[in-house]
Amino acid sequence: MLASYPHLGPLFSQTQMHIPDGYLSPLTSLVMFLLVLPFWVRAARVLRQRLSTRLVPLIALFAAFSFVIMMFNVPLPGGTTGHAVGGALAAIILGPEVATLAISIALVIQALFFGDGGILAVGANCFNMAVVLPYSSYAIYQLIAGRSPVDSARRPFGALVGGWVGLNLAAFFTAVEFGIQPLLFKAADGTPLYAPYPLEVAIPAMMIPHILVASVIEGLVTGAVVAYLQRANRPLLELNLQPEAAAQVAGFRPVRLLWVALAVLIVLTPLGLLAPGTAWGEWASEELAQIDPSLRAIPEGLKQLEGLWGAPLADYDVPALGNANLGYVLSAVIGVFLTAVTVWLFTALLTGRRTGAMRKRV
Amino acid sequence: MFNRKRRGVIERTLAGISEALENTLFTEDIARRPGLLQGLDARVKVVAVVALLVAVSLSHSLAVIAGLYLFTLFLAWRSQVPLGFFVRRVWLFLPFFTGIVVLPVLFITPGPPLLTLLPGLSVTRTGLQAALFLLLRVGTSVSYAILLILTTPWATLLKALSVLRVPDAVIVVLGMTHRYIFLLLHTANEMFLARQSRVVGRASPADQRRWIAATIGVLLGKSFHLSNEVYLAMLARGLRSTPRTLEPFRLRQRDWAWGSALLALALAAIVIGRTA
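Going line by line, the protein sequences match chains L and H. Number 145 in this note's numbering belongs to position 145 of the first sequence; there are no gaps in the numbering. Number 110 in this note's numbering belongs to position 110 of the second sequence; there are no gaps in the numbering.
Where hints are given, some of them may not hold.
What the hints assert, rightly or not - Listed below are the simulated DMTMM-like cross-link pairs for lysine to aspartate or glutamate, each with C-alpha atoms no more than 25 angstroms apart in a straight line: (1) K222(H) to D151(L); (2) K159(H) to E28(H); (3) K159(H) to D116(L).
Said to hold, decoys possible - Only part of the chain L face toward chain H is listed, based on derived beta-carbon distances under 7 angstroms: (4) P20; (5) G22; (6) L51; (7) T53; (8) P57; (9) V68; (10) M70; (11) T81; (12) H83; (13) P192; (14) A224.
Said to hold, decoys possible - Chain H regions said to be covered by chain L (calculated; three or more residues, Cβ under 8 angstroms): (15) 47 to 61; (16) 221 to 230; (17) 261 to 269.
Treat the hints as calculated values from the structure; they're not laboratory data. The structure displayed is predicted, hence computed values, not measured ones. Note that CB positions come from ideal geometry on N, CA and C, so glycine has one too.
Work out the full structure: start from the sequences and follow the hints.
Below, the structure written as structure tokens:
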């Protein structure tokens, strides 16, 4: 699909990471703001406990730092240049909480002082670049670096991969935010009111240049700076390393991250509505006849069994809501809740009272 | 000085940094002129601009958005913002890219054809409308944001954010960040200049990358070190957990009048834009 709009690539990668006002509907901006709010509150609470008033200059200086390095031109092999966001680096050195607050502040200043990135879209921009980027790159860095010594080659490598994956994920979220606009917000005559490209254009247009250029820069810079700090400023790299301090600074709990990821997936469930056709192997008998008219005889067994169980949320829709998307999200929440309760009950039954001990370890 | 293509990474970064510093000076200059928006209370401006931005983004009518854009020109004119600069800053900067990005929309959006360029390639009515919506919305939003930025000194703007329920601690951090951005920009500028003055010929991209990484690493160390020193300085001067600001704002008659007029305009734009 991208082949037909080759010129979109570099532009998306250079300019669209800071979403300007006008690309997202006010409703999307509001939802993104509500999504990023708990991350801010939690980061501020965790850090305030540890750092109290020390927090203010730390965040201010790191926000200024991320702002400044966003201006650096970084050359790539092949002659292109681009800018790094620095989110992965901040997360690796000081933990994702500090990164979230510092990059959010830098983004707010860019919007308010330089008119770079929208004012209403500030929630979306912060979610993509100050939450998705640092948390995901930090998780990957931890995964690769593990408990290796400070001078291990695994650290710069983990930083490189973390930066690359993190920015790609941030770009993916941006693309999804763009891509759902024409599906959800149209004028009466079908004119898209905001970002006009559907998901099947927005995702490749954002992802291809990011995978090939922008995220490569983020990864290279993060990896190279970590390698430099290994040689020149080891204490800085060790700030976030002592296992206990690391857990505190980061407040990083893999299980919690999974819950967050789950919440994001729930919000994204209406995307399934956009796919044409039905899920393979999940046909109802009428659909089966439509798909293959030659299939004269619907298997009798299927017909008989179908009426046996009427799902309370048939087709994932909550009829009282009158909105398929909301119904989808609500169905997902109820489904996840039921699954979680079931798993919890099973665990409790099987392991007796040991679940408490397990939670402590997590 | 150089052929644009031959300018290296260092030169381009240097140029970018100087441009940012220059921009700031120019902005402060406009914010001091006696004009309509400069004379209003910053809180009124912040609330009005947010309301107008919401109106721009809620509108389903192109005419309403266009009207709101024309109003920014009026505001700019009354606030002694040079019109040429204002229009260029908005339309050459961001929406220029947006303009290229929306080009394919003209052709690929299904709808009644308006103008056929080649067989099978025609501009559709729906496509044209979609492109105009995006362009006008982005341009108008950026215009309002820039008007606010150009006519309000940073310190005042920050203080005014408290009407949007931004916590005091965040406002203090924003203020400090802004101050240290300039210090770090200055430091980076000096590092780049020092490097540039010692280089003969061209470094390979790999060398340049290594050097940029080292620069970032040094800046990172400096930032951390500086944050410690700033903290100690704050403690030494009697830091309390709650910040205080000098000279409280006071709303005058003129602020009330313009504030309600701008809000009424935003409200009218929302109502007309949603029903038209």
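Each hint tested on the structure:
1. A hinted pair counts as satisfied when its Cα atoms are at most 25 angstroms apart, and K222(H) with D151(L) qualifies at roughly 21 angstroms.
2. Simply put, K159(H) and E28(H) have alpha-carbon atoms about 16 angstroms apart, close enough for the 25 angstroms limit, and the pair holds.
3. With a C-alpha separation of about 21 angstroms, the suggested pairing of K159(H) with D116(L) holds against the 25 angstroms cut-off.
4. Proximity of P20(L) to chain H holds as hinted, the smallest CB-CB distance being about 5 angstroms (cut-off 7 angstroms).
5. The interface hint given for G22(L) holds, since its Cβ lies 3 angstroms from the closest Cβ of chain H, which is under the 7 angstroms cut-off.
6. Checking L51(L) against chain H: minimum C-beta separation of about 9 angstroms lies over 7 angstroms; hint violated.
7. Satisfaction of the interface hint for T53(L) is found here, the shortest Cβ-Cβ separation to chain H being roughly 6 angstroms, below the 7 angstroms cut-off.
8. For P57(L), the interface hint holds, since its Cβ comes within 7 angstroms of a Cβ in chain H; the closest pair sits about 4 angstroms apart.
9. For the restraint placing V68(L) at the interface with chain H, the shortest Cβ-Cβ distance is roughly 5 angstroms, inside the 7 angstroms limit, so the hint holds.
10. With a cut of 7 angstroms, the hint placing M70(L) at the interface with chain H is violated, because the nearest CB-to-CB distance is about 10 angstroms.
11. This hint holds: T81(L) has a C-beta 6 angstroms from the nearest C-beta of chain H, less than the 7 angstroms allowed.
12. Proximity of H83(L) to chain H is violated relative to the hint, the smallest CB-CB distance being about 9 angstroms (cut-off 7 angstroms).
13. Given hint, P192(L) at the interface with chain H, holds; its Cβ is 5 angstroms from that chain's nearest Cβ, closer than 7 angstroms.
14. Nearest Cβ of chain H to the Cβ of A224(L): about 3 angstroms, under the 7 angstroms cut. The hint holds.
15. With 8 residues bearing a CB less than 8 angstroms from a CB of chain L, the stretch 47 to 61 of chain H meets the requirement of three and the coverage assertion stands.
16. For the stretch 221 to 230 of chain H, the proposed coverage by chain L is satisfied: 7 residues have a C-beta within less than 8 angstroms of a C-beta in that chain, meeting the threshold of three.
17. A stretch counts as covered by a chain when three or more of its residues have a beta carbon under 8 angstroms from one of that chain; for the stretch 261 to 269 of chain H and chain L the count is 0, and the coverage is violated.
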